[in-house]
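Engineer: Going down the list, the sequences are from chains A and B. Per our numbering, the very first residue in the first sequence carries number 1; after that it's consecutive. Per our numbering, the very first residue in the second sequence carries number 1001; after that it's consecutive.
Simulated from the structure, these hints should not be mistaken for lab results. Here the structure is a predicted model, which is why all the values come from computation and not from measurement.
No farther apart than 30 Å at their CA atoms in a straight line, the calculated lysine-lysine pairs in the DSSO-like style are these:
#1 B/K1284 <-> B/K1119
#2 B/K1002 <-> B/K1195
#3 B/K1284 <-> B/K1357
#4 B/K1502 <-> B/K1473
#5 B/K1195 <-> A/K145
#6 B/K1195 <-> A/K154
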Amino acid sequence: MTPSSGNLNEREVICPHCWHQYYPDQAYYIACHPELYDDAVLGPHEKKRLAPSEVTLDRNGVAFDTRGGRVTERACPNCHLQIPPELQRQRGKILSLVGAPSSGKTYFLTSMLHNLRSELTRNFGFSLRDSDSHEIRGFLEYEHKLFGSADPDKPILLLKTQEDGQWSKKVTLDGTDFFLPKPMIFSLTPTLSNPDLAKRSDKLDVPVVLYDNAGESFDFLKETNSSSRVTQHLGECDAVMFAFDPTLDSETNGRLKLTSSDPQVNEAARSYRQDSILTEVVNRMRRNRSLPPTKQIPVPLLICVQKYDIWKSLVPHATSISADGKITDNIDHTSVEFFESHGIAGLDVFEINRVSLLIRGFLQDISPSFVDLAESQFSTVRYFPVCALGTSPEVDPNAKPSANPREYLRVRPNRIQPFRVTHPFLWLMVQWKQIRPLKRMKPRKGIPHAIAEPVSGRIRVTMPGSGRVMVLDNDYGGSEIVDPHTGNRVWIPEVVVHQKSQVSESPRSQTNVNIESLRLKSLTPPPEKPKRGWFKK
Amino acid sequence: MKYELEVYTSAPELLQPGTSDLGVIAQTRSYPAELSRNLANLRYYTLLDHLSLDEPSEHPPRVIAGPIDSNQYYSIVHSVFAGPDHTGRTTPLVQSMAFRISEMMEQGVSAATAIANAKPALTAGWQGPPRWLEPPPEISNQRLDSATWPRAQVWGRIVARERNEELVSAIADSLINFKQTSRPVILLLSEEDAKDTLLILSDVLALLPPSVQTRTICISHVLDNSDFFRGAAFGLTYRQSAFYQNVSERHDPRRPIVIDPQSPSTFTIEKDQAYAQFLLAHLKQSAALPLSGLLNDWDACGFTTDSVDTFCRFVELLEKLSHTTTSEDVESANGMLFRLGQIPSKATQRIVDACLKSINAPNGEESLSKPQLMVSVLSASDWPEQVRRVAASRLTDVLDNALPAIFNQSRRDGDFLEINQILNDALRTTVQQHWPTIAMFALTNNSSPAVDLSTKLLDAPDIPASRIFKWTKAISRRREKNAEPIIRRLESRLATALTSPKASEIVQECMEKGSGASDVRLLVKTILKCPPMPKNDALHYVLQVCLNSKEPEGIVELIKSLHSSDALKPNSAILGQLLRHSSQSAHHETVQQTLAQIGAVVHRSDEDQVNIGEGVASRPTSLDQGHSQRRPFRRKPPNLRRSGIGYWLRRTTWPGGSWLAIVPLVGSIGTLAIAFIVKYSIRGDLRPRILSSFGLLTVLIVAGVVAWQMHQYFDRHPEKPPILNFCIQNSILIVILLVLALSVMTLANGHLPALPYFSIPNFSQ
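Bound conformation, chain A alone:
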């Protein structure tokens, strides 16, 4: 008998490969005896999957296969792929990473997860652990290459993500071959230092499922392979991270060439219509979720604008000059604030919102159609400036000359300086009520107030200086922003919005905890934050 089978209130488990829903006690067992191979779904060289009726349970609940081998691993009864124990207990948080080819998705993902491991443990009382999953090996290799190199000065490169094979698995369902994605599954668990461990330990322990696809998989212009379901996670995800690469915009590239020596904007420059990728993502999400065109997608879209080190000079009002002539970075390296009195850090979501608006302004400048598409289709959109590497890739001078005139772009591990790569995920954790945001502050004196009024679940904001109108979501209420048009700081008053915000919460993962009750009050005044990290200049 499985541990959950006695629970009458058990919930269905969702397979992260095929999205088949089943009850935990219906999960198949993966045989471990060396004579039990050849699975009808996975192929002749995979270990046999045994239905619950085919295994023998002893009085301790330990399962044995037909040859007496002790079986511990479980698999989806539909696709027969392994399901980690974490996902057997509860539905995980599913994140889909999308973006154009060569926009830096894999680098970003690797860097984000690597930095989250340390940041979550150090500041938030969480640990991001690798799950007991067969598919995690690929990510660990990437992580080791970037951050575990024995020779940090030796240039390295991550392999290009291919459409099939690398991150997909072939299965045969009802006689038809399908390619299902191999997700990266992690376990987000609170550490002993987490102050909420005693009260909400069951809510804090969450599996996280991430999907990385080749950019080509989202290109609607190319013929799609009907048997490939590698992007079907879009129909189930709890959040979409869009890796937006401004260097893929030819006009931006032209502007960057003047200021940057990065090969990605010079020798290896290229262009790609990233709004078409987003269009395809929207279409697939609507198709898989059966959403009507009139309804916004109830999933937050996190637009992670990559390679910030290249294009930061193009962001309007990234820095501001105070009245006393002091230059302040509006986009600094972190929005995490540690509260020694609480023994835990909080995320300054207001700063994230503020930065998001600035980046939105930048994107509106270079790709207005993209911004419009994102905000019209998704209920919540945030823009994150990120930089997975923090350094420009380079051509290896020691590389042997070959017949191929092209060269690899590599990075030296010891020069990697990630910038705000963890913030998209931390922001999601705030939405999932796992880490605490900072408390709302009162408006500072001398800061003009914008005119705010509720409009269909959002806030319609009229900027005091420029008179421009912006439609923001409710989280912006009661916070200070930088007007992306003038660079002035503006206070947006809190507005009561009757319509409930449609943030990313699937019915299963909703909790009764009010996010306001989790907010941490800032103990120090915000303007003078200690500068840390690689971009303190």
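Dock chain B against the given chain A, drawing on the hints supplied.
Structural biologist: The following block gives chain B in isolation, referenced to the frame of chain A:
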């Protein structure tokens, strides 16, 4: 040969306008869209970590060859690592070649040929803009010559030169049996050797029949389980791969067969690997027929992978037939044909052709032994009928001319006719050794010329009678309608032999040790059919032989034959001898049969032969050989009743003298008694059954009288004890009645020895 091609890689501009990065950059216009979709899942290349990215040529290709998700196209998907793309990242280059299978078959291009000839058409990287490939590219149709195997020098690197053939033979054997075993073959290679994957695949596939080549799915660069999908039969992997690690842990019945060139034990060819043995023989140049031709025969004859062993025997047979020149060869080939089992009809025709070819070998020195060869073919019962007919026809032609000369010619030296001595000897040998075969063939195939030939051959002067008898026996068993003339001729010859002074010796020869009842029956039948011969003498010979050989069944058959024949008079001497010897054989059934036959002879004999009958009937009395309990007979003094009956019936012979022999086999002796008694009883009037009914009637009358007397007495003296007083007063009456009843019953009992006697009324029929 034309083929369809699709090239997939990463490029700033693809064939489809507006697209870039990974995608199709070049394609033939007629490339099937469905195939493209099916192969899309295979367009990836997994890099080996330990190889430098700066040297793409060091990375072995990933080749997938076979009819992948298509019945119409044979695909070769060649994926290589193409170095950096326009974005400075790694990129694969996948070239998917599609050959229409029907065209391959029409043009005789095997899969091995296609793979070998595809190599020059493949490129290591794509330079330039996207484009449509027009006209469709072509590869050479030049066929591979298996005689020059191995073509790939890589085999010399993979394994020691002297073991090359063994290695590939073992691989090919496993591949051709893949359908039955469901065990794919995994060849372990180094990355360096794997660079010649195309040549390796081509060389291995070339050792398979073309149809099997086309069906065999091969995959190289197998690193993970998912790289080697279901249905793939041949895989190339590396010792460090996760796939190999996984395979080496398996113990299930369908685990792949791993062949490690560094471990010779993994490709040692066992005796039961028929296909490997066959290949090894050809690859080592020890076979007569070219390998490619034989592999083509596989398809031409319609062999399937279910019949690999049969095919190997078929090939072995063809090899044998290709140099069949002597009778020994024919016999050997006959054995092979017998072991061949069920083969496709086209293969049968192929064998027929080969056989005919061997018969129709050009004239020369061999021609002298041709008649002998053809006779051998005729005698080879498993040779195709068509061939044997031809051989019979040829032989008939030769013998028609030669027989009179041979049979009428004595074998004195220097007195031969014009035909040469070798031919004479061949024909004589033919008659001596192969006559039954020719006759059998004639009968089986209803071949009149062969029947004539068989009959003619019997005119040969120096055929031993024992052999004639053996042939007669063999032909008679066939019970063919057209065998009559042959059998008549045989019997005639045998009868002639039995009339000779050496008849006893002939019978002795005919009745070899181990001859059974059928032999006796046949011999007796033959003897009886021949009026001029002194039958009793001959039969006596037969009997002697039977007795000497102690064959009880033969004796019984002899007796039966005598019984069914009217040509013989009862011979008490023979019968007595028979009975005595059969009793000695301790074979009760024989004794029973013998006694039955004696009874039959007695029964059949009329009044004139009464003495004969009595003589025969008295024979059982002579079986007294002592007092041993092991004897089947035991003696017993005649009781008064039997003696009285015997005297009363005025017969003194039975029971004879003062002693009566009684066989434990009561039925047999009883039968004899009945036969005797009924025959010589008082005209048959006093039948035992009648006597039996008289006895019963008498008892009823006596009982009635007694009952009536008791009734009278009790009426008169009701006060006295009934029984005792009645007996005292009527004792005389009761005694008289009892004596009367006993007499009648005794009389009846004398005619009723036991019930079984009356249940065998067969002699009167």
